[in-house]
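The whole structure should be built from the sequences, with the hints applied where relevant.
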Amino acid sequence: MKDVLTENAVKAETSKISARKAQVYYGTNHAIKDVDVEILDKTVTAFIGPSGCGKSTFLRCLNRMNDTIPSCRVEGSITLDGEDIYDKRVDPVQLRAKVGMVFQKPNPFPKSIYDNVAYGPKIHGLTRSKAELDEIVEKSLRRAALWNEVKDRLQTPGTGLSGGQQQRLCIARAVATSPEVLLMDEPCSALDPIATAQVEELIDELRTNFSVVIVTHSMQQAARVSQRTAFFHLGNLVEYGETGQIFTNPKDPRTESYITGRIG
Amino acid sequence: MTDLSASPAAAPVRASSSLLTLDARVRRRNAAEARFRGYGFAAILLALLALVWLLYSIFSAGLPAFRQTVIQIPVTLDAAQLDKAGNRNPDEMAKASTVTYGKVLSEALKAAVAQNGIVIEGLDDKEIAGMLSQEAPAMLRRDVLANPALLGQTITFQAYATGRVDGYYKGRVTLDSATRDSNVTPEQLHLADALKEKGLLSTSFNSGFLTMPDASDKRPEAAGLGIAILGSAYMMVVVLVLSLPIGVAASIYLEEFAPKNRWTDLIEVNIANLAAVPSIVFGILGLAIFINMAGLPQSAPIVGGLVLTLMTLPRIIIPTRAALKAVPPSIRDAALGVGASKMQSIFHHVLPLAAPGILTGMIIGLAQALGETAPLLLIGMVAFVREFPAAPPSGLFDPAAALPVQVYNWTQRGDPGFVERASGAIIVLLVFLLIMNTLAIILRRRFERRW
Amino acid sequence: MSIGILSSILLALAAAGYFIGRARAVSAAGGDTRKLHSLAGFYGQSVALFTAVPAFLLMAAWLFIQPILIESRVSGQLQQTLAPDASLSLVMADVRRLANAIDSIGTADEVAALSPEALTARLGEQGVAMGGDMSVAQVAAANEYRLLSNQSRTGMTVATIALALAGLAFALRRIRIDFRARNVTEQFVMVLMIAASLIAVLTTAGIVVSLLFETIHFFKLYPASDFFLSTTWSPKFGGGSDLGIWPLLWGTLYVSLIALIVAVPVGLMSAIYLAEYASPRVRTWVKPAIEILAGIPTIVYGLFALITVGPLLRDYFALPLGLGNSSSSVMTAGLVMGIMVIPFVSSLSDDIINAVPQSLRDGSLGLGATPSETVRQVVLPAALPGIVGAILLAASRAIGETMIVVMGAGAAAKLSLNPFEAMTTVTVKIVSQLTGDTEFASPETLVAFALGLTLFVITLALNILALWIVRRYREQYE
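Protein chains in written order, with the numbering used here: chain A, 1 to 264; chain B, 1 to 451; chain C, 1 to 478.
If you are wondering where the hints come from, they were derived from the structure by calculation, not from laboratory data.
Values in this document were obtained by computation on a predicted structure and should not be read as measured data.
Accuracy of the hints is not assured; some may be wrong.
Using C-beta positions, here's what the derived DEER-type ranges look like [to be verified]:
{"#": "1", "chain 1": "B", "residue 1": "Ala334", "chain 2": "A", "residue 2": "Pro50", "range": "32 to 40 Å"}
{"#": "2", "chain 1": "C", "residue 1": "Asp226", "chain 2": "B", "residue 2": "Arg444", "range": "35 to 43 Å"}
{"#": "3", "chain 1": "B", "residue 1": "Arg444", "chain 2": "A", "residue 2": "Pro70", "range": "34 to 42 Å"}
{"#": "4", "chain 1": "B", "residue 1": "Gly226", "chain 2": "C", "residue 2": "Gln187", "range": "47 to 55 Å"}
{"#": "5", "chain 1": "A", "residue 1": "Gly163", "chain 2": "C", "residue 2": "Gln187", "range": "20 to 28 Å"}
{"#": "6", "chain 1": "C", "residue 1": "Ser234", "chain 2": "B", "residue 2": "Leu175", "range": "43 to 51 Å"}
{"#": "7", "chain 1": "B", "residue 1": "Ala31", "chain 2": "A", "residue 2": "Glu135", "range": "28 to 36 Å"}
Over the 10 Å line for every Cβ pair with chain B, so calculated as not near, a few chain C residues [to be verified]:
{"#": "8", "residue": "Tyr222"}
{"#": "9", "residue": "Gly244"}
{"#": "10", "residue": "Arg474"}
Using N, Cα and C, we set each Cβ at its ideal position, and we do this for glycine too.
As structure tokens, this is what we get:
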């Protein structure tokens, strides 16, 4: 899949999220320094880097999940479709409806599979009738490649699924609110290889409708699923560009050291 | 992913596409959010207000108990009247009863009133004598018997005023209410004001409240907490002496040695449930076992202490086990590794490290036991006791009162002066609890360890 | 010999045993303590333990059993001389008082020679109040009682000291170089620790046995069907009482219900606010402040109900609404008890809400839910079993509470719906039937044990259910 990707295809996409001189502080700790990045629409962007480099922190800034941590402070500008998401007028609730998120550990709610997927549409009032809601649930589950496995037991608890199924349920749950951007924080780290392959395949399919940003520990995974890759190190964005270029011809020596396994 | 290609993106209609304008639904949701948050805040406010209201009500009713109105009367102690035998032998002087001393005091007060030129219309001699507490003659008698050399001298005796006059200076009694009260007349209150003007009557700190024994129904002004405080202290000693070793031994066994089987499971469930058994049930247990079966005396601190010990044990075992559990296994391994026996590793290393936690739990358990009332009612601690118990250990078997039961006792009496006393006793109880809890917090802060 | 002196003697023997044992071990090793199996101190400890512990146990057992035996023997003799309508327990109480006071009056013969009236007068001088004048048989019984007590006390002194000496000798004889003193001492300590942990079980057994025993006694005098089915409660201390539990149970449940209606919303919302909204600084101050409410003794709440809340409710609600004129009422007790229960609900709920994994909150917030939507639709459903457990624990607490209802609810047993009326509860009646000088043969007194058993069973069932629910809930997130 990766091989057929051409440079032209990427350039045709428009910028979805752009960060300018973004800084993140935890109390006095300067966690993210001067990050400039353009995240393109209908593209999979991977954030890679050693543990504690700030890639997850930066990801959580993109839909203001960091607001839940009292000591966290964000400076600089991060815009979604040209609108500053840290503007005072922006309600994080509305932002998060547009920028969905999937977490490291599958976290289905202790509710039925149906209610898990229907949760987002219900709170955002996206449907007018039960039939519409049913349709969204089915479409989202199909999208997450889970429909065939669960269609006969939609009312059973989501916590009863296997790990891989749970993570796909969480993806279906995020997709159901029809976000424009989907953030994924190491979505495969708690999964076995087979489930990982399923989720990776799914990510590639999601690209047709969304802009996807994925944080990953695995360079192989970044190479497999993403078109663009950003390498973070010690809170700095070291290098950002085409995935093929980053992995074959990195410009920065730190990127090269990481890719060849000397740091990380 | 065959099923994916079949379905293009579901695209539900969204009201607003810009992030900078809030749509109506988000506004509604935010309003619901604010309301919910408001309920939470209101709940906290309500709980704190209840606390403040409770404390305010008790303190405003109880603080006057620490002040007492006294009348300074110059009394000439006539030896002919008070020591008829004339040999200053206290045993023989004891024959002069409180009635005699009462006459001495009321004559002295009358003289003092006349001497200061106080004239109150409609005030008769009986009313003047009625200014003084019925306890005042007994107090004078005690002073004289303790120090026979006072005979023949003229001393200034600090006589307690009666409860109503006392209440007049604490706002409990007014001239208006006195007209309807058979125990006090407005004239007496006028006399009190006149005495106060002459400097013969004053209201000052009442140390007797903390040291004197209880007094009968008609003498709230003389009722003190001396026996109750002593009785509570005796019971706490019993609880401490019994529950500390037993509680620690049981905790060590259950936490460190007990095999995990159904028997120890039973013990653990048992302890958890005992901690939640209503305290009054322990009172019934004490009545049935310690008083009816073992024949221990009623109202004795030893019985109260035993009942409170049984009640406190599970409440001590739970935090003690938590403290033992908090000591990391590496400490035990280190001791075992140099060849100590398991018992030695626990007594030499684990126990000293867990000691602050155990002590904290112990103090909190004691504080709970100190405030416990219901079980003590059943084992007869409500009895009216005027004699101070002897020193332990034999004093543990003498009748005594207990602080919280004394409060209950006073609330059951008719005279409104006792409400003030009961609230005052609660302040004393709360001060003890505050000291104990502060001690526990200091211990915890001071010795808290991070492993 | 008094118990204090006897205890001191035993302790002195134990201390002596320690030093003798230690010295003996050291001399057995020829002064070289390295040759000993255990540290020298362990030899001393083993001797001290064998000296003191059995003797103290014997003393405790003796003290416990002696009055039971003497009582039954004396009362057996006395019973034959007693008029059929006289109460044995009251007569025995006088006999016990007289027996204790004999020494302050004179010798046994002098007492026996006094007329009953003179005896009562003499006793009065000593500050001993009697139930009535003593009969000759009672005086004889008192003398017998005193004699037996003294003999038994002497016997106890001799037996315990003998046992202590025997233990001392036994332990000393065992000391050799290769005697495993440490193991023996540790085993001894282990047995003591096991015994300590059994006290909890014994307490429960004691509660169950004493309640059951007296309840059965009660049901022999009063039919159980009337107790459980009758709807009137009117004890008469002359016989012919109606002792139906329903009015009491109704009062108990009504007061507890009002308490929960006050405490559950306030406690739960406070817990939610503290767990989900409050800043750490607010949390560190407010949480302990609310928990102060739990540390205040219930007598304080009782007084609060009596002097503040009761009159307030009467003057501003009950009287204007024409619902009653009593300051003690179900509402007074329920409201104050509700305040008392708030911290139980809030701190348990707080723990339970905090046990809900953060990942669930993140999942909900990440989808664009507001915090309150997250709490209501994700956190609370997830925490529900635990919260139900917390409410059950609070309910059991409210049902077993005594002082607040004694001082705030009133004493009239009624089946009424009006919350401003005075009603009474199971615990109030236990207190009122068992305080004061009571006679243990009448159903009016014994009913308290049946009430106690009912109370024990209800609260135990609630606790077990609640602990089971909470435990299962915890396991779910571990």
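Failing hints, ascending? 2, 3, 5
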